[in-house]
Every structure is written in C-alpha cells, then in structure tokens.
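Protein chains: 2
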Amino acid sequence: MSDERPRVATAAIVVIGDEILSGKFADENAVHLIGELRALGVALRRVEVIPDDVEEIAATVRAASARVDHVFTSGGVGPTHDDLTMAGIARAFGVPVVRHAELERLLCGFYGAALEPRNLRMAEVPEGATLHVGSASVWPVPQVANVYILPGVPVIFRRQFEVIRERFRAAPFHLRRVFCRAEEGTIAADLDAVVAGHASVTIGSYPRFGEGAPSVLVTLEAKDERAVEEACRALVARLPVAAVVRVE
Amino acid sequence: MSDERPRVATAAIVVIGDEILSGKFADENAVHLIGELRALGVALRRVEVIPDDVEEIAATVRAASARVDHVFTSGGVGPTHDDLTMAGIARAFGVPVVRHAELERLLCGFYGAALEPRNLRMAEVPEGATLHVGSASVWPVPQVANVYILPGVPVIFRRQFEVIRERFRAAPFHLRRVFCRAEEGTIAADLDAVVAGHASVTIGSYPRFGEGAPSVLVTLEAKDERAVEEACRALVARLPVAAVVRVE
Chain A
93 MSDERPRVAT AAIVVIGDEI LSGKFADENA VHLIGELRAL GVALRRVEVI
143 PDDVEEIAAT VRAASARVDH VFTSGGVGPT HDDLTMAGIA RAFGVPVVRH
193 AELERLLCGF YGAALEPRNL RMAEVPEGAT LHVGSASVWP VPQVANVYIL
243 PGVPVIFRRQ FEVIRERFRA APFHLRRVFC RAEEGTIAAD LDAVVAGHAS
293 VTIGSYPRFG EGAPSVLVTL EAKDERAVEE ACRALVARLP VAAVVRVE
Chain B
93 MSDERPRVAT AAIVVIGDEI LSGKFADENA VHLIGELRAL GVALRRVEVI
143 PDDVEEIAAT VRAASARVDH VFTSGGVGPT HDDLTMAGIA RAFGVPVVRH
193 AELERLLCGF YGAALEPRNL RMAEVPEGAT LHVGSASVWP VPQVANVYIL
243 PGVPVIFRRQ FEVIRERFRA APFHLRRVFC RAEEGTIAAD LDAVVAGHAS
293 VTIGSYPRFG EGAPSVLVTL EAKDERAVEE ACRALVARLP VAAVVRVE
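Protein chains in written order, with our numbering: chain A, 93 to 340; chain B, 93 to 340.
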C-alpha cells in the first residue's frame, strides 16, 4: 500500500519549428495529440516547442526520452535546410544519419522520373531507426529508441499518428467534474482534506470568471474509477450544499 | 563583421498546469504571448508546458532563466493545493516564499470582511520579488530575477501582461513571404544558396498541401529590413519565373 497508484504510461511532445515560436503558424499538432493521448489513457508530462536547431533538438529529445515512456516529435522532416529533426535525434542518441533502403524505394516509387536528388533526404533517418508502416498512402513513422518522428504539416501528422496510435492504448482515465458556486479561497481547505484522503486521485481547481457569481470547476481524475467516485462523494459531502451546482 | 546579427532580446514561456497537459483546457496564454512577443520584436526561444509540481517548476524556470532574457510563467498562482508556482519559482532561486505587505493590503481591500485566511496565499511571493503595478483594477505582476509571474485564467493573463508589455518593446522584425508553386525538393538547393549568402536572415520553408499543385511558402525574416529585402530579391532571382506565385 506504499504506492497505490498503478503504473501509468507517460509521454512528452516535442514540437520543432521556428514557425510556431515566431507566430507564423499556430501549433495544431500538440493540441491534437493532447486529446489523443488522453483518450488512449497515456499521461502527458510535458510539451516543448523548440527552434530548428540541431543542438536544441538533441538535448531536448535526449532529456525527454530518459524521463517518459513515449516521446513524439512534430516537424522538421522535409528536404530543406531548416529540416533538422533527423540530425538532432541522431545526435541525441550518438548515431549517424543514414539512408533507409525502404524509404528510398518508396520515394523512387512516388516521384518516379521527377525525383530530385534532394528529395532523397526524406529517406534519411538516425541509424537503427525502425519503421511503422501503415497503408500504402501513408508515409511510415520512424522510431528511434522510444521516440516517434512525425511531420509538421497537420493533416499528415494526424494521418501518420493513426498508423501508430493503437500501440499506446491503455486503461482509460476516469474523470468527475464538480461545478461549484464559490470562491476558491472558501473551498481550499475542503479540497486539502479530500486531496489528503485520496492520494491516488488527481484533483484540480479552476476558477471561472465573468459568469456572474464566482465559480470554480473541480476535477477529480484517476485510472481507478472507484477511487474517483469515492473522492467525488467525499468532496460533495464536505462542501456547503448551496455551493455544489452540479456534478458530471 | 564576425557577427552581423544585432543582439535580439530573447524569451521563454513556461505554462504550468495539469489541466493543459490532460486536455481539460486548451492553452490560450502561450498562443496569445507568441503574438505579443513577435509584435514587440522579442525572439521567443521556447515554450514549455509542465505539470503542477514544485520540482518540475523549479528546474524548468531555473533553466529558462539562465538561457533567455525574459521568462514568462502562466498559471498556478491561486489559493488551492494545486497552485504551486510561487513555491516552484522560490525553489528555483533558493529563496523562501514570503507574504508581501502590498499584496496583503490589496487583498484585504478587495475582500473586506469576506476575506478567507486562505485567500492570503495570494499575497505570497518568492522573497525579493518586485511588483509591477498597473491600474487599480489589475493585480500587480510579480517579478523574480528575469521571471514574470502571470496567472492561468486567460482574461486575467492578458490584462496583467498589458501592465508590463511596453517594458519589452524593441525594434520590429521584418518579414517577407514568397509563395511558390513547386515541390520543396526542387527549390531546396536555391534556398541553400540564399541561406549561405544571407546569414543574418532567418529563412523558413513550409510546404502546403491540399490546394492542387504542390506549393511552398518561404519566409525571410530579420530585424534589418534591407537584409531581408536583399535576401528576398536574391531568392526570387534564383527561382524559375513560373515558380514564384507572389511576394508579400
């Protein structure tokens, strides 16, 4: 009973792209993956948006790879000078970038006579990468250690994530939401008591403004559905009756 | 002439919140600040979304503070158990959390007789924090070293950032956008040549899909407007005439 929480798979997202940091494009891929990972029952621990820089990519991916179970990168995998993800991930693991025969074959098939020498950069991966192959219309997803390398263009990102998604499916999270009519300060002590008595449940408190009376959304979440229900009942029992607007 | 680029102020954003990582709320604050910083002429180097965890906050803020000129945190500053930003930033700089007399006075004035003891947690800041005070209707922004501490609720985040915004205004970035009808692979060598000849300009290449013919948006950006114009002219001169759809 020293650690009640069952082992939950963890993940990190690394978005690689000057274009996000400079506001030229809004990130869509981390937003999409946050929803996918939650639905899969995977606990996302960190999202990082970093520049197109080999050293930054290497250091960030190496650190994330050591800390979580699954790392997903987005962006930087095309044929131009600013596509540095393969070089960065290779450096993260101390391996060279090599041309992958299967990817080269796919590129030759796709472009035919129109193949530019430069397109072959898209056949380059860190040495030792494995490929996850979906249908013929979807580019394979390279994996190096626990890092899955996905592209930056959102429609292609989503399509490629589909290829690997079911690998990560785990027990779902259970969530209860308690909508309160109260200031956070007035329910903080009640929340403390419930937090202390239900260590396996993650409890969040989110004030909401601009809707008339002050209100707070309390969320209770865990993989263990019964633990969530017990914590939710304990919270509702502690709060003043008038403070609980509804429970979902 | 060994370093042509003038010194550009840099920034990082640290979004603190389980609710973003678990998909309960979409981030709005980093998105907002990306646009603000760009308009101010500040170069954003990194965005990190991290959990409500004192050690994670401390390590992330300490690292960001050492790497960039300005760090902005979002979230975790209310009165409940999951509001750990002040403790995390205090630990980042090896100082205790203390009650700030001016913030206590503001809380007492705001709540009057309805003040809950727990609300006074919102008067706590890392020791040595300075306050940026705007109008009476806006909560002051605490600063510790080069870290500005902002709240998670988007409407309040934006209002508080207004208080400090003009501190960061610098020379603007100049941007040119060249819309090309081409595959990235066919223009990659031309891009390389322009990149090599215009080291002070940041050049990005972004393929666009699903609009009929393959197309690429090339962006050229720097603080030096003349350098951007020269790089843009050099690129257009290199590309096949039919490949350039328009320049903005």
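Worth flagging that the hints you see were computed from the coordinates, not collected in a lab.
Just to be clear, a hint being listed does not mean it is correct.
Copies of one chain are not kept apart here, so a pair can be met inside one copy or by any two copies together.
Derived EDC-like pairs: lysine to aspartate or glutamate, alpha-carbon spacing no greater than 20 Å straight-line [unchecked claim]:
| # | residue 1 | residue 2 |
| --- | --- | --- |
| 1 | Lys116 | Glu219 |
| 2 | Lys116 | Glu258 |
| 3 | Lys116 | Glu147 |
| 4 | Lys116 | Asp316 |
| 5 | Lys315 | Glu147 |
| 6 | Lys116 | Asp145 |
| 7 | Lys315 | Glu128 |
| 8 | Lys116 | Glu194 |
| 9 | Lys116 | Glu313 |
| 10 | Lys315 | Glu219 |
| 11 | Lys315 | Glu258 |
Please read these numbers as outputs of a predicted model, since none were measured by experiment.
Hints versus structure:
1. Taking the shortest Cα distances, Lys116 and Glu219 never come within 20 Å of each other, neither inside one copy (32 Å) nor across copies (38 Å).
2. Taking the shortest alpha-carbon separations for Lys116 and Glu258, neither the intra-copy value of 32 Å nor the inter-copy value of 22 Å comes in at or below 20 Å.
3. In this assembly of identical chains, the alpha carbons of Lys116 and Glu147 never lie at most 20 Å apart, being 23 Å within a copy and 33 Å across copies at closest.
4. In this homomeric assembly, Lys116 and Asp316 come within 20 Å of each other (Cα to Cα) only across copies, at 18 Å, whereas the closest approach inside a single copy is 42 Å.
5. In this homomeric assembly, Lys315 and Glu147 never come within 20 Å of each other (Cα to Cα): the closest approach is 37 Å inside a single copy and 24 Å across copies.
6. In this assembly of identical chains, Lys116 and Asp145 lie within 20 Å of each other by CA distance solely inside one copy; the values are 17 Å within and 31 Å between copies.
7. For a Cα distance limit of 20 Å, the shortest separation of Lys315 from Glu128 inside one copy, 16 Å, qualifies, whereas the shortest one across copies, 39 Å, does not.
8. Taking identical chains as interchangeable, the C-alpha atoms of Lys116 and Glu194 are never at most 20 Å apart, the minima being 34 Å within one chain and 40 Å between chains.
9. When the C-alpha separation of Lys116 and Glu313 is checked against a cutoff of 20 Å, the pair qualifies only between copies, where the shortest distance is 11 Å, while the shortest distance within a copy is 36 Å.
10. Taking CA atoms no more than 20 Å apart as the test, Lys315 paired with Glu219 passes in neither setting, with 37 Å inside one copy and 39 Å between copies.
11. Proximity of Lys315 to Glu258 under the C-alpha cut-off of 20 Å is restricted to the intra-copy arrangement: shortest distance 18 Å within a copy versus 46 Å between copies.
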